[in-house]
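**Q** Here is how the chains run, residue by residue.
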Amino acid sequence: MKEKKIKVDYMARVEGEAALNITVSNGKIENLKLNIFEPARFFESFLIGRKFDEIPELVARICGICPVSHMLTAIQALEDAMEIVPSGETMRLRKLLALSQWIQSHTLHTYMLAIPDYFGYESVLSMIPEHRELVEQALRLKRLGNDLTVAIGGREVHPVTPVIGGFTHVPPRDVVKDLLKRFREARKDAQNMVEITTQIKLPDFTRDIEYLALTSPPQEYPVISGMLASNKGLKFKKEDYRKHIHEVHVPHSNALHSYVIGRSSFMVGPLARVNLNYSLLAGEARRAAENNGLKFPYMNPFYSIPARAVEVLHSIETCIDLLEDLKLKADQPSITPKEGTGAGVGEAPRGLLYHWYKINNKGEIVEADIVSPTAHNAFNIEKDLEEYLPQIISLPEEEMQLRCEMLVRAYDPCFSCSAHFLKINKRES
Amino acid sequence: MKKPSVGVFKFTSDGGCQLQILNMERELFDLLNLINITYFPMAGVDSGEGPFDIGFVEGAVTSTDEIIRIKEIREKCRILVALGACACYGGIASIKNQKTQRELEEKVYTDLTAVHSTKAFGIDQYVKVDAYVRGCPIDKNEFIEVVKSTLLQIKPNLRPHSVCVECKLRENPCIFLIEGEVCMGPVTSAGCGALCPSRHRACEGCRGPASDPNTPSLARTMLEYGLTPEEVRLKFIKYAGETQAFKEGAGIK
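If you read the sequences in order, they're chains A and B. Sequential numbering of the first sequence, starting at 301, is according to the working numbering. Sequential numbering of the second sequence, starting at 82, is according to the working numbering.
Hints are computed from structural coordinates only; laboratory data are not their basis. Wrong hints could be hidden among the right ones.
As the list claims (entries may be wrong) - Derived CB-CB ranges, DEER-like: (1) B/Arg150 / A/Asp478: 41 to 47 Å; (2) B/Lys157 / A/Asp478: 43 to 49 Å; (3) B/Glu311 / A/Gln499: 57 to 63 Å; (4) B/Glu311 / A/Leu534: 39 to 45 Å; (5) A/Thr506 / B/Lys84: 42 to 48 Å; (6) B/Glu260 / A/Glu667: 44 to 50 Å; (7) B/Arg150 / A/Ile348: 43 to 49 Å; (8) A/Phe536 / B/Pro132: 51 to 57 Å.
Computed from a predicted model, the values in this text were never measured in an experiment. In this text, a Cβ means the ideal position worked out from N, Cα and C, and glycines have one as well.
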């Protein structure tokens with residue numbers, strides 16, 4: 301019997317802890333598991349009894365890479381529950397904050413986590429001697445995203461200024477002016493990023509995937525609000541999330557598997573967003589995509605890599621517009637808690653994020669439901685692997701393993717985020 | 082001088098402190114001239130199992146596997162540094178310690194035989210720690226200070242005083258006394274440059290207790306400002322609820 305085993309005990313260049321176990325016997329997959337062994341973190345348990353106004357700060361700590369997304373989505377849900385309507389200026393600042401994190405996170409993933417595979421290096425650190433200019437370009441873009449997060453949020457990891465109702469602080473005008481200048485200069489780095497990610501040879505693999513993302517009527521590429529929609533006909537409001545999406549507990553993983561009720565797994569993330577909202581991208585981003593021969597939509601998950609680059613350019617263009625429009629006013633209404641439930645949805649760098657809370661009239665959390673992008677994607681990643689493996693089965697074991705890891709990494713998974721979703725109340729009875 | 086070898090290890094955490102290392106875009110090249118990072122899976126570096134001159138540990142210890150792992154890592158590291166609130170004090174993961182492990186697990190799992198979760202503690206519950214880089218997340222300058230002082234073989238200059246000192250140095254009007262925003266600054270360890278109060282936001286105590294803090298006094302002041310005993314408890318049981326000083330504050334009624 302001819303048996304091939306792929307065993308990656310601790311996947312590198314992803315956030316958090318996961319292992320990949322695959323056994324192929326006589327050309328057939330005997331066993332395929334993405335084992336997320338990141339310890340369970342009990343967020344939904346310990347949030348119960350905490351005060352509504354400390355929730356954004358606490359849920360930021362679900363993820364060090366996308367704290368902004370968790371904060372803003374929780375704020376949206378809690379505002380929804382207490383019927384608070386944020387001002388236009390607050391929404392502009394929130395969009396900027398969310399986009400700043402896309403720039404930071406996408407750049408981190410593309411250059412530090414994904415590109416080393418395609419350039420044949422172990423890590424970005426080992427690329428420095430031969431590709432110093434490329435690494436410098438990456439760090440410059442990443443710093444730009446971070447500096448915008450710092451200007452508005454106060455700190456790049458776990459910002460402090462966003463609160464329910466608004467912001468505690470806005471940046472001084474000269475800081476905004478300086479950022480605007482740097483954002484205009486950064487267009488070139490982002491255009492290069494689109495070029496580099498289309499020049500690398502992405503594996504040829506397509507699968508009939510359902511992809512889900514926010515769509516944001518009327519004419520705006522979705523970031524922090526919108527309806528949910530898929531390429532297979534789903535279209536619903538955030539309040540109806542649980543009517544369409546469920547999870548099932550699989551014993552080998554510390555993250556639940558999300559699926560569309562009555563169907564199967566689905567993909568969220570940059571590729572889902574670009575596929576569904578291509579025409580809403582900034583003109584510069586679409587032009588760069590077309591000039592480099594990109595033709596969205598793609599059903600190949602590896603195309604998440606150029607999709608991220610296109611989104612970085614889009615983010616830069618959008619940030620320039622938003623920065624020009626800022627009034628620089630910190631709206632912070634005083635809030636009296638009231639009983640209710642509220643849902644929030646947002647597009648984190650890695651895709652759709654869902655928060656839902658029930659609060660009592662003392663402003664204490666009674667129930668919480670949080671589903672992160674990687675929890676949404678985990679099932680789809682396994683489905684992809686199932687179909688991808690037979691296509692690469694003739695490759696030597698080492699090469700097969702690398703290809704599988706590349707596929708997992710294309711989703712930019714964040715296992716810390718996904719590992720606190722083990723809970724029984726959301727399983728189908 | 083031989084470059085010291087550095088390992089970066091993750092326990093139960095969100096990756097934010099590790100990301101703070103990668104967020105040193107402007108300092109990264111200089112830093113890499115001085116140290117040799119040989120283990121840092123999040124950044125893709127895995128060129129050896131040690132031994133290490135410096136080991137940085139992010140995250141709280143929250144499972145039986147992690148208890149064994151932290152002891153193994155201690156053996157391999159000449160200097161072991163706790164990186165961030167989780168590794169220093171258990172961080173927000175330790176909020177769960179307020180409930181019994183059984184209660185938490187039953188809410189979350191069906192099959193309890195698969196669960197190996199323990200109460201969340203900082204790493205010094207199990208091993209000797211040589212330096213603490215506080216905060217949620219860490220401050221990059223303090224990280225650099227620890228690396229520099231290790232290279233120079235001197236004690237790092239980490240501040241023992243409270244956030245209030247830094248807040249006063251920045252000439253911020255006190256949001257606690259003037260606006261009644263209940264603030265953990267008086268008992269919280271400095272080093273963040275009073276980041277939150279400088280942005281009109283109360284300190285939440287993410288850096289843990291300052292040296293010799295009077296937490297019962299602060300807790301009584303919070304009650305005078307109208308907080309209920311439960312609200313006072315929540316203030317102290319957040320980032321460093323397992324420390325003696327914050328436990329005392331949490332117990333004031």
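**Q** Is 44 to 50 Å a correct range for the gap between the Cβ atoms of B/Glu260 and A/Glu667?
**A** violated (32 Å)
**Q** Does 57 to 63 Å hold as the CB distance between B/Glu311 and A/Gln499, or does it fail?
**A** Holds, at about 59 Å.
**Q** When you take the CB atoms of A/Phe536 and B/Pro132, is the distance between them in 51 to 57 Å?
**A** Holds: the Cβ-Cβ distance is about 55 Å, inside 51 to 57 Å.
**Q** Quick check on a hinted range of 39 to 45 Å for B/Glu311 and A/Leu534, using CB atoms only.
**A** For B/Glu311 and A/Leu534 the Cβ distance comes to about 42 Å; the hint holds.
**Q** A range of 43 to 49 Å was offered for this pair. Does it hold for the Cβ distance of B/Arg150 and A/Ile348?
**A** Given about 30 Å between the Cβ atoms, the range is violated.
**Q** Would you say the C-beta atoms of B/Lys157 and A/Asp478 sit inside 43 to 49 Å of each other?
**A** holds (45 Å)
**Q** Is 42 to 48 Å a correct range for the gap between the Cβ atoms of A/Thr506 and B/Lys84?
**A** holds (46 Å)
**Q** Range hint 41 to 47 Å: satisfied by the CB atoms of B/Arg150 and A/Asp478?
**A** holds (45 Å)
Checked against the numbered hints above, the structure breaks hints 6 and 7 and satisfies the rest.
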